[in-house]
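There are 2 protein chains.
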Amino acid sequence: MSFSYVSHLYCPKCDNTYSVEEKNQLCECGSPLLVAYNMQELKANLKPKNLLERKADLWRYHELLPIQNIENVVTLGEGLTPLLHMKNTGQDMNIPNLYMKDEGLIPSGSFKSRGAAVGVSKAKELGVKELAMPTNGNAGAAWSLYCAQAGVTSTIVMPVDAPEITRKECTAAGASLYLVNGLIGDAGKIVAQAVKDYDLFDASTLKEPYRIEGKKTMGLEIAEQFGWEVPDVILYPTGGGVGLIGIYKALQELQELGWIKDKMPRLVAVQAEGCAPIVKAWKEGKLSAEPWQDAETVAFGINVAKALGDFLILDAIKQTNGCAIAVSDETLLEELNKVASAEGAFVCPEGAAAFAAARKLRESDWIKQDDRVVVLNTGAGIKYPNTVEVDAPILQPEDKIVRDYVR
Amino acid sequence: MSFSYVSHLYCPKCDNTYSVEEKNQLCECGSPLLVAYNMQELKANLKPKNLLERKADLWRYHELLPIQNIENVVTLGEGLTPLLHMKNTGQDMNIPNLYMKDEGLIPSGSFKSRGAAVGVSKAKELGVKELAMPTNGNAGAAWSLYCAQAGVTSTIVMPVDAPEITRKECTAAGASLYLVNGLIGDAGKIVAQAVKDYDLFDASTLKEPYRIEGKKTMGLEIAEQFGWEVPDVILYPTGGGVGLIGIYKALQELQELGWIKDKMPRLVAVQAEGCAPIVKAWKEGKLSAEPWQDAETVAFGINVAKALGDFLILDAIKQTNGCAIAVSDETLLEELNKVASAEGAFVCPEGAAAFAAARKLRESDWIKQDDRVVVLNTGAGIKYPNTVEVDAPILQPEDKIVRDYVR
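In order, the protein sequences belong to chains L and D.
The first sequence: position 65 = 113 (the working numbering), numbered continuously.
The second sequence: position 111 = 159 (the working numbering), numbered continuously.
Hints are supplied without guarantee of correctness; some may be wrong.
Copies of one chain are not kept apart here, so a pair can be met inside one copy or by any two copies together.
As the list claims (entries may be wrong) - Straight line, CA to CA, 30 angstroms or less: simulated BS3-like cross-link-like pairs of lysine-lysine: (1) Lys237 x Lys408; (2) Lys328 x Lys416; (3) Lys135 x Lys91; (4) Lys408 x Lys366; (5) Lys237 x Lys97; (6) Lys103 x Lys309; (7) Lys386 x Lys177; (8) Lys71 x Lys237; (9) Lys408 x Lys244; (10) Lys244 x Lys354; (11) Lys237 x Lys91; (12) Lys103 x Lys311; (13) Lys135 x Lys103; (14) Lys416 x Lys103; (15) Lys61 x Lys311; (16) Lys448 x Lys71; (17) Lys331 x Lys354; (18) Lys103 x Lys91; (19) Lys135 x Lys177.
Simulated from the structure, these hints should not be mistaken for laboratory data.
So that you can see chain L by itself, here it is in the shape it has in the complex (with noise of 0.2 angstroms):
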C-alpha cells in the first residue's frame, strides 16, 4: 500500500501530461493542471471500511491526495468537519432534508485551510522554499498558517478591504504581508510581478494544482458522512470556485472506485449580484465567463471577477444539470441573521449566499420539496464581525435588569 496513489498531472483543455515530482503551475496552453491517481490499482487496494479507524481529519483520504512521503504532511487537524441536519432552517424554507457542511469548524476558521493544507505540503515535497498569492484574506491567512508549520516563506498580498482578521492571522505567521487599494485582480497583478522578480513559487488561484485537490475532500467527506450517497443538491458559495470544482472531481473518484452510484447531485454556484461572472455566463450559455466591472460585495470572499477556472466550473454545473445564481447582499445578510437565531448557526456571508440562494431555488420548485440538499458554509461567522450590530444597555455593578430592557 503506497501512500498516495497519485500518478501524474493532465491539462482538462489540451489532454498534455507533466509530474507530480516537479514543480509545475499552469499548462502550456495557460490551463489549470489537475491530478490523476491510479484508481484501479487504488480500487482493488483500498475499501471504505478501512477509513473506519483513521483519523476525523482529511488525512484520512491520503491515498486520494497527492503527497507521497507522510513526512511531508503539514496539519493543523483539518478536515471531518460536521454535516449538520438544518432542522430549524429547513422547516423554514420547506427543505425538511436541509444540510450544512459547516467549514467553520477548520484551523483558521475558513475551508481555504483544507487547500492549503494539501498545497503547502506538496509544497514542501517539492522543495519550495518560497511561495506568494493574492488572495481575498483568508486563503492568504491558511496558507500563511500552514507555511509557518512547514518553514516555507510566504508573501500575501490582500486588498485593503479583506477581513481584518485575515490580515493580524498573516502577521502571526510570520508571512510578509502587503495590502493593495484595489481587488483580489489588483493582488495577482502585484503577485504574479513579483512571482518573476524574485522567482517565487505562485500559489495563486489553480495556478498550481494541488489546492484544489484538498479542496475536493469537502466531497469525499459529504459522501462518507452520508453513507456512501449523495445529496441531491450542492450549494457552493462560488468565488475563483475550487471548492465546487473539486467536489465535482471527488464525485467522479469515488465513482471509479465504485464507492458510490452513478448518480451525482445537481451542482449550484452561488454568488453576490454585485459580483456575478459564473451567473452571467450559465445566463448566456456561454463556456467562459467575461471579467465583471465594479465587483462589490459584503460576501468579500466570492469577490473574485474573472476566475481562472470559470470554464471548469461552468462545465461541472452542465454535466450535473446544476445552475447559477445570485443573491443581493441585503438577502444574505437577512439570511445570515436568521440562521443564526433559528438555529445557532453563525455563518460566514459567503454561506448565508449559499442558504438564501437555497430559499430561492426551492421558492422557485427548482429544489424539490423531498431533495436532500447540502448548503457549503465555507467559513465561520466569528471572522465578519460587522455583519451584526450589537445595541446592549451597559449597566453599572449596582444596577438590575429591568425586564422592560429585555427584546
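Model the placement of chain D on the given structure of chain L, informed by the hints.
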C-alpha cells in the same frame, strides 16, 4: 441499551443526592452538584470499539452524558477536536512529546460550546424556557447560540471588556445581552438578582450540574485519541476551572469502566499573574481560594477572581500530583506569537498561557523530557484580534513589491 446511563446528582461536599429529572441548581449546602452514572451496567454493555462507527463529535459518548432522550440533543457538531503533535514547538521547549488539544475547532471557536451543548440540551429536556448567565464572553456566546437552536430564551451579562466578537454572537443568536462596567463577579450578582426577580434558570458556572458533563468530554477524547492511554501531564488554563474538574471526572469514569489503567495525568491549573487565586491557594496548601483583588489579564477567559469550584480544582491537582502555576501577560503574548510562527497554530491568549506554563515547568524540570504533555488551547486566536499588531505596507495597483519590504 439506554441512550444515557445517567443515574442521579450527588453533592461532593455533603453526599446529598438529587434527581436528574427535576431542575436542580446548587446543593442545599451551597456546593455544586455532580452527575453520577450506572457505571457497572455501562461497563457490561459498552466497549471502546463500539465507538468506532460513531460520528466525530462529543455525542459519541452519549451513554456518559446526562441527556436521556436523543430528541433533546441540541448540536452544532461540537467535539472530537484535533489532538496535534506540536513538533516544532515541542522541539523549541525540549518537550518532544508535546501535544495540543485544539478547542479552536469547535462551534463559536471556544471550548465553552461543549458545556453549552450538553447544558442546553439538558435544560431543554428539563423544560427550561428561560435561562440567564454571567460570562467573560465565550460561554455567553456559546450558550446563546445553543439556546437559539433549542428555543430557550437567554439573558447574558458580560463585562464591557469581554472580547467584542462575543457580543456579536450573542446578538446574532437573539439573546438579551447586557454589558456591565465591571468584572464577571459583578455580572454574576446582576444575574443572581434577575434569576430571583424573573424566576429564570441560573446557568452560571457550576450552578447547574450539566455544563461540566460537556466539558468532561475533553478528557474522554484525549484518552480515546491516545488509544485509551492517558498522557503524563495536562495543562489547563484555569478560570472557573470546569474543564479541569471535568477532565478529572472523565478519567475517573474511564477507570471505573476499565477503559484506561490506574495512571492519572498530572493536572496543571494555569493562571495569569494578574489573577491567580488558585495558584496562591495551592502554594499556601489551602483547600479553597480567597477572592483575588483587582484581577486583570489579557487572557480574559481566565479573569475569574473567585471560582465556585475552587475546592474541586485544588483537589484534582492534589490527587494527581499536579500543580498550579501563573504566567505574566507579557510571557503569554510572546508565547502566542512563538506558537503561531513556529507551528501555524493561532491560539487564544488562555491557550498561550498554558503553552508558556509548559515551557516554564520544563525549564524547572517539573516536566521531564520524555513526558507526554497535552496543552489545552481553549479557543481560536481569531476571536482575539488585539493580540497581534499588523504593520503591512499599502500598495497601489500599479506598484510592485520591492524586496526590501520583505521581512
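Quick rundown of the hints versus the structure:
Taking CA atoms no more than 30 angstroms apart as the test, Lys237 paired with Lys408 passes in neither setting, with 36 angstroms inside one copy and 47 angstroms between copies. In this assembly of identical chains, the alpha carbons of Lys328 and Lys416 lie at most 30 angstroms apart only when taken from the same copy (24 angstroms versus 63 angstroms across copies). For the identical chains of this complex, Lys135 and Lys91 are neighbours neither inside a copy (36 angstroms) nor across copies (34 angstroms), given an alpha-carbon limit of 30 angstroms. Only within a single protomer do Lys408 and Lys366 lie at most 30 angstroms apart by alpha-carbon distance; the minimum there is 20 angstroms, versus 59 angstroms between protomers.
Taking the closest pair of Cα atoms, Lys237 and Lys97 never come within 30 angstroms of each other, the shortest separation being 46 angstroms inside a single copy and 54 angstroms across copies. With identical chains, the CA atoms of Lys103 and Lys309 are at most 30 angstroms apart both within one copy (25 angstroms) and between copies (23 angstroms). Taking CA atoms no more than 30 angstroms apart as the test, Lys386 paired with Lys177 passes between copies only; the shortest distance there is 20 angstroms, against 45 angstroms inside one copy. Taking identical chains as interchangeable, the C-alpha atoms of Lys71 and Lys237 lie at most 30 angstroms apart only when both belong to the same chain, with a minimum of 21 angstroms there against 62 angstroms between chains.
In this homomeric assembly, Lys408 and Lys244 never come within 30 angstroms of each other (Cα to Cα): the closest approach is 45 angstroms inside a single copy and 45 angstroms across copies. With identical chains, the CA atoms of Lys244 and Lys354 are at most 30 angstroms apart within one copy only, with a shortest distance of 22 angstroms there and 59 angstroms across copies. In this assembly of identical chains, Lys237 and Lys91 lie within 30 angstroms of each other by CA distance neither inside one copy nor across copies; the values are 42 angstroms within and 63 angstroms between. In this homomeric assembly, Lys103 and Lys311 come within 30 angstroms of each other (Cα to Cα) both inside a single copy, at 28 angstroms, and across copies, at 25 angstroms.
Within a single copy, Lys135 and Lys103 get their C-alpha atoms as close as 28 angstroms, and across copies as close as 18 angstroms, so both meet the 30 angstroms cut-off. With identical chains, the CA atoms of Lys416 and Lys103 are at most 30 angstroms apart between copies only, with a shortest distance of 28 angstroms across copies and 36 angstroms within one. In the homo-oligomer, the alpha carbons of Lys61 and Lys311 lie at most 30 angstroms apart inside one protomer (25 angstroms), although the nearest pairing across protomers, at 60 angstroms, exceeds that limit. In this assembly of identical chains, Lys448 and Lys71 lie within 30 angstroms of each other by CA distance solely across copies; the values are 25 angstroms between and 65 angstroms within a copy.
Taking CA atoms no more than 30 angstroms apart as the test, Lys331 paired with Lys354 passes inside one copy only; the shortest distance there is 16 angstroms, against 63 angstroms between copies. Within a single copy, Lys103 and Lys91 get their C-alpha atoms as close as 21 angstroms, and across copies as close as 25 angstroms, so both meet the 30 angstroms cut-off. Proximity of Lys135 and Lys177 under a CA criterion of 30 angstroms is satisfied inter-copy only: 19 angstroms between copies versus 47 angstroms inside one chain copy.
In this structure, the hints that do not hold are numbers 1, 3, 5, 9 and 11, in rising order.
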